[in-house]
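Chemist: Take the given structure of chain A and dock chain B to it, following the hints.
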Amino acid sequence: MAEAMKMRAKMEGDAADVKVLIQHPMDTGLMKDKKTDKIIPAFFINQVAATLNGKTVLEAQWGVGIATNPFIGFRVKGAKPGDKVAVNAVDNQGNKYSGEVVVA
Amino acid sequence: MNHLRRAFLTKAGAVGSLAVFASLLKPATVLAAAWNSLAFSAKEPAEAINSAGYGGASESKEIEIKAPDIAENGAVVPITATSNIPGTTSMAIFVEKNPAPLIADFEFSNGAEAYISTRVKMAKTSVVRVSVKAGGKTYTNSREVKVTIGGCGG
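Going line by line, the protein sequences match chains A and B. For the record, in the first sequence the residue sitting at position 5 is 5 according to the working numbering, with numbers rising by one throughout. Each position in the second sequence, counted from 1, maps to that position plus 104 in the working numbering.
Just chain B, with the same shape it has in the complex:
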């Protein structure tokens, strides 16, 4: 499988970056059936948010986002998010100006707190959005992070 894919990718590499990106997302779904390729390949924030199931969210200050106001290096931007909304079952992080705005989607169970700390890539200054699902509803909060050196290069 890996063999065939590698040969395929070598050929696809000649076509261009967008073609490679799109072609890669398909084999990934074969390897990991549950991976939401539709949401992760979305290029527009609204499309990514809707495909990930976080559409129609109400703004909520109960979602706390810790991030630097200015990130000198967009390749590594620390983000910590906490949801104080009771019954929060999942949380997604979006960087709206990235080529692929959906960064990650987390599901909590069996005592895991609605808290995630991670490091993301930011192509440029952007709104960082954290959306959650709680009690069958969606909530969202966001803040801007200024980036002096972009992290997605190219």
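Chain A on its own, in the form it takes in the complex:
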């Protein structure tokens, strides 16, 4: 499901500025479907990890409070143009999402 993730990484000073957008409903499990009046079960990305050239730089745990279609921005010092940034995410139903981008 690579198409579910959009990434951009560009140098800003001595750090790579990375922006990641993932398509996901991030259902909280607290809302009702307005048509059926039934609770929509919680369905959300709960773990995200990022690597620079294969080395872990960021590990995150998320709850249901991250907004729908999650956005995350982070910075990695010491990165160079041409370096590879990869992001892997998994939701509470075990679906995996991944993306990769070259630092510009």
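Read the hints as simulated data drawn from the structure, not as lab findings. Built from N, CA and C at the ideal position, the CB exists for glycine as well. Just so you know, not all the hints are guaranteed correct.
[What the hints assert, rightly or not] As a list, the in silico DSSO-like pairs of lysine-lysine whose alpha-carbon atoms are at most 30 Å apart: (1) A:Lys77 - B:Lys170; (2) A:Lys77 - B:Lys147; (3) A:Lys32 - B:Lys250; (4) A:Lys32 - B:Lys201; (5) A:Lys96 - B:Lys147; (6) B:Lys147 - A:Lys38; (7) B:Lys147 - A:Lys55; (8) B:Lys250 - A:Lys19; (9) A:Lys35 - B:Lys201; (10) A:Lys84 - B:Lys170; (11) B:Lys165 - A:Lys10; (12) B:Lys170 - A:Lys80; (13) B:Lys170 - A:Lys19; (14) B:Lys250 - A:Lys34; (15) B:Lys228 - A:Lys32; (16) B:Lys165 - A:Lys19; (17) B:Lys147 - A:Lys32; (18) A:Lys77 - A:Lys55; (19) B:Lys228 - A:Lys34; (20) B:Lys201 - A:Lys34; (21) B:Lys170 - A:Lys55; (22) B:Lys241 - A:Lys77; (23) A:Lys34 - B:Lys147; (24) A:Lys19 - B:Lys228; (25) B:Lys228 - A:Lys38; (26) A:Lys38 - B:Lys170; (27) A:Lys10 - B:Lys170.
[What the hints assert, rightly or not] Partial list, computed: chain B residues near chain A (C-beta under 7 Å): (28) Leu142; (29) Phe144; (30) Val180; (31) Leu206; (32) Ala208; (33) Ser213; (34) Thr222; (35) Arg223; (36) Lys225.
Modeler: Showing chain B alone in chain A's frame:
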């Protein structure tokens, strides 16, 4: 696995929202062993903060929180946090008035700066708290964000 869970959830759906919420957090820990279900299911801010390991924090202006003073739409509130405390290794975001105050917990390594930009849901006007761990100590800062339309609905 998914099959069984879905059947289970359909049944649980009839019980009520809180039961569904609680039941969901358990299977999640099976799928992702390290996920801190205790902290993410906590309903009180203090409980969430302590369970996530950010208890006993000193107030610090060295943590910068960028957020709108007034968020028209609580479903999407941009938050950017930077820690200028040397040796910051992790950062957590809490929205104290949300049904589940812990939003996210980030760990930095191998050159990642103590900086996170993201978008959170806010049920109503609340204190947004950012806590960090640095050198075996915890630090925290907070600011209020007013919400005109809540983002957690229901």
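Chemist: Evaluate each hint against the coordinates.
Modeler: Each hint, compared with the structure:
1. Of the supplied pair hints, the one linking lysine 77 (chain A) and lysine 170 (chain B) holds, its CA atoms being roughly 21 Å apart against a limit of 30 Å.
2. Distance restraint check for lysine 77 (chain A) and lysine 147 (chain B): the Cα-Cα separation of roughly 36 Å exceeds the 30 Å cut-off, and the hinted pair is therefore not satisfied.
3. Of the supplied pair hints, the one linking lysine 32 (chain A) and lysine 250 (chain B) holds, its CA atoms being roughly 25 Å apart against a limit of 30 Å.
4. The hinted pair formed by lysine 32 (chain A) and lysine 201 (chain B) meets the criterion: a straight-line CA distance of about 20 Å does not exceed 30 Å.
5. Taking the CA atoms of lysine 96 (chain A) and lysine 147 (chain B), the gap is near 28 Å; set against the 30 Å cutoff, the hint holds.
6. For the suggested pair lysine 147 (chain B) and lysine 38 (chain A), the alpha carbons sit about 22 Å apart, so the restraint of at most 30 Å is met.
7. Of the supplied pair hints, the one linking lysine 147 (chain B) and lysine 55 (chain A) is violated, its CA atoms being roughly 35 Å apart against a limit of 30 Å.
8. Straight-line distance between C-alpha atoms of lysine 250 (chain B) and lysine 19 (chain A) comes to about 26 Å, which keeps the hinted pair within the 30 Å bound.
9. Proposed proximity of lysine 35 (chain A) and lysine 201 (chain B) is supported: the alpha carbons are some 28 Å apart, at most 30 Å.
10. Annotation: proposed proximity of lysine 84 (chain A) to lysine 170 (chain B) holds, straight-line Cα distance about 28 Å (limit 30 Å).
11. A threshold of 30 Å between alpha carbons decides the hint, and for lysine 165 (chain B) with lysine 10 (chain A) the separation of about 29 Å falls inside it, so the pair holds.
12. For the hint linking lysine 170 (chain B) to lysine 80 (chain A), the alpha-carbon distance of about 27 Å falls within 30 Å, and the restraint holds.
13. Distance check on the hinted pair: lysine 170 (chain B) and lysine 19 (chain A) sit about 17 Å apart at the alpha-carbon level, within 30 Å; holds.
14. With a C-alpha separation of about 26 Å, the suggested pair lysine 250 (chain B) and lysine 34 (chain A) falls inside the 30 Å cut-off, and the hint holds.
15. Among the hinted pairs, lysine 228 (chain B) with lysine 32 (chain A) is consistent with the structure: their alpha-carbon atoms are about 18 Å apart, no more than 30 Å.
16. The hinted pair formed by lysine 165 (chain B) and lysine 19 (chain A) meets the criterion: a straight-line CA distance of about 26 Å does not exceed 30 Å.
17. About 20 Å separates the Cα atoms of lysine 147 (chain B) and lysine 32 (chain A), which keeps this hinted pair within 30 Å; it holds.
18. With a C-alpha separation of about 13 Å, the suggested pair lysine 77 (chain A) and lysine 55 (chain A) falls inside the 30 Å cut-off, and the hint holds.
19. Note on lysine 228 (chain B) and lysine 34 (chain A): the hinted pairing holds, with a Cα-Cα distance of about 21 Å set against a maximum of 30 Å.
20. About 24 Å separates the Cα atoms of lysine 201 (chain B) and lysine 34 (chain A), which keeps this hinted pair within 30 Å; it holds.
21. About 29 Å separates the Cα atoms of lysine 170 (chain B) and lysine 55 (chain A), which keeps this hinted pair within 30 Å; it holds.
22. This hinted pair checks out: lysine 241 (chain B) and lysine 77 (chain A) have alpha carbons roughly 23 Å apart, not beyond 30 Å.
23. In summary, the hint linking lysine 34 (chain A) to lysine 147 (chain B) is supported, as the alpha carbons are separated by about 25 Å, within the 30 Å threshold.
24. As the CA atoms of lysine 19 (chain A) and lysine 228 (chain B) are separated by approximately 27 Å, the hinted pair is consistent with the 30 Å bound.
25. Of the pairs offered as hints, the one joining lysine 228 (chain B) and lysine 38 (chain A) holds, with about 23 Å between alpha carbons and a cut-off of 30 Å not exceeded.
26. At most 30 Å may separate the alpha-carbon atoms for a hinted pair to count; lysine 38 (chain A) and lysine 170 (chain B) exceed this at roughly 36 Å.
27. The hinted pair formed by lysine 10 (chain A) and lysine 170 (chain B) meets the criterion: a straight-line CA distance of about 22 Å does not exceed 30 Å.
28. Hint on leucine 142 (chain B) is violated. Least Cβ distance to chain A is approximately 12 Å, over the 7 Å limit.
29. Taking 7 Å as the C-beta cut-off, the interface hint given for phenylalanine 144 (chain B) holds, the closest approach to chain A being about 4 Å.
30. The criterion of a C-beta within 7 Å of any C-beta in chain A is met by valine 180 (chain B), whose closest approach is roughly 5 Å, and the hint holds.
31. Taken as an interface hint, leucine 206 (chain B) checks out: its beta carbon lies about 5 Å from the nearest beta carbon of chain A, inside 7 Å.
32. Using the Cβ-Cβ criterion of 7 Å, the hint placing alanine 208 (chain B) at the interface with chain A is satisfied: the shortest such distance is roughly 5 Å.
33. Contact between serine 213 (chain B) and chain A, as hinted, is supported at the beta carbon level, the nearest pair being about 6 Å apart and thus within 7 Å.
34. Annotation: threonine 222 (chain B) was flagged as interfacial toward chain A, and the flag holds, the nearest CB pair being 5 Å apart, inside 7 Å.
35. Interface restraint check for arginine 223 (chain B): the shortest CB-CB distance to chain A comes to about 4 Å, inside 7 Å, so the restraint holds.
36. This hint holds: lysine 225 (chain B) has a C-beta 5 Å from the nearest C-beta of chain A, less than the 7 Å allowed.
Consistency note: the structure conflicts with the earlier hints numbered 2, 7, 26, 28.
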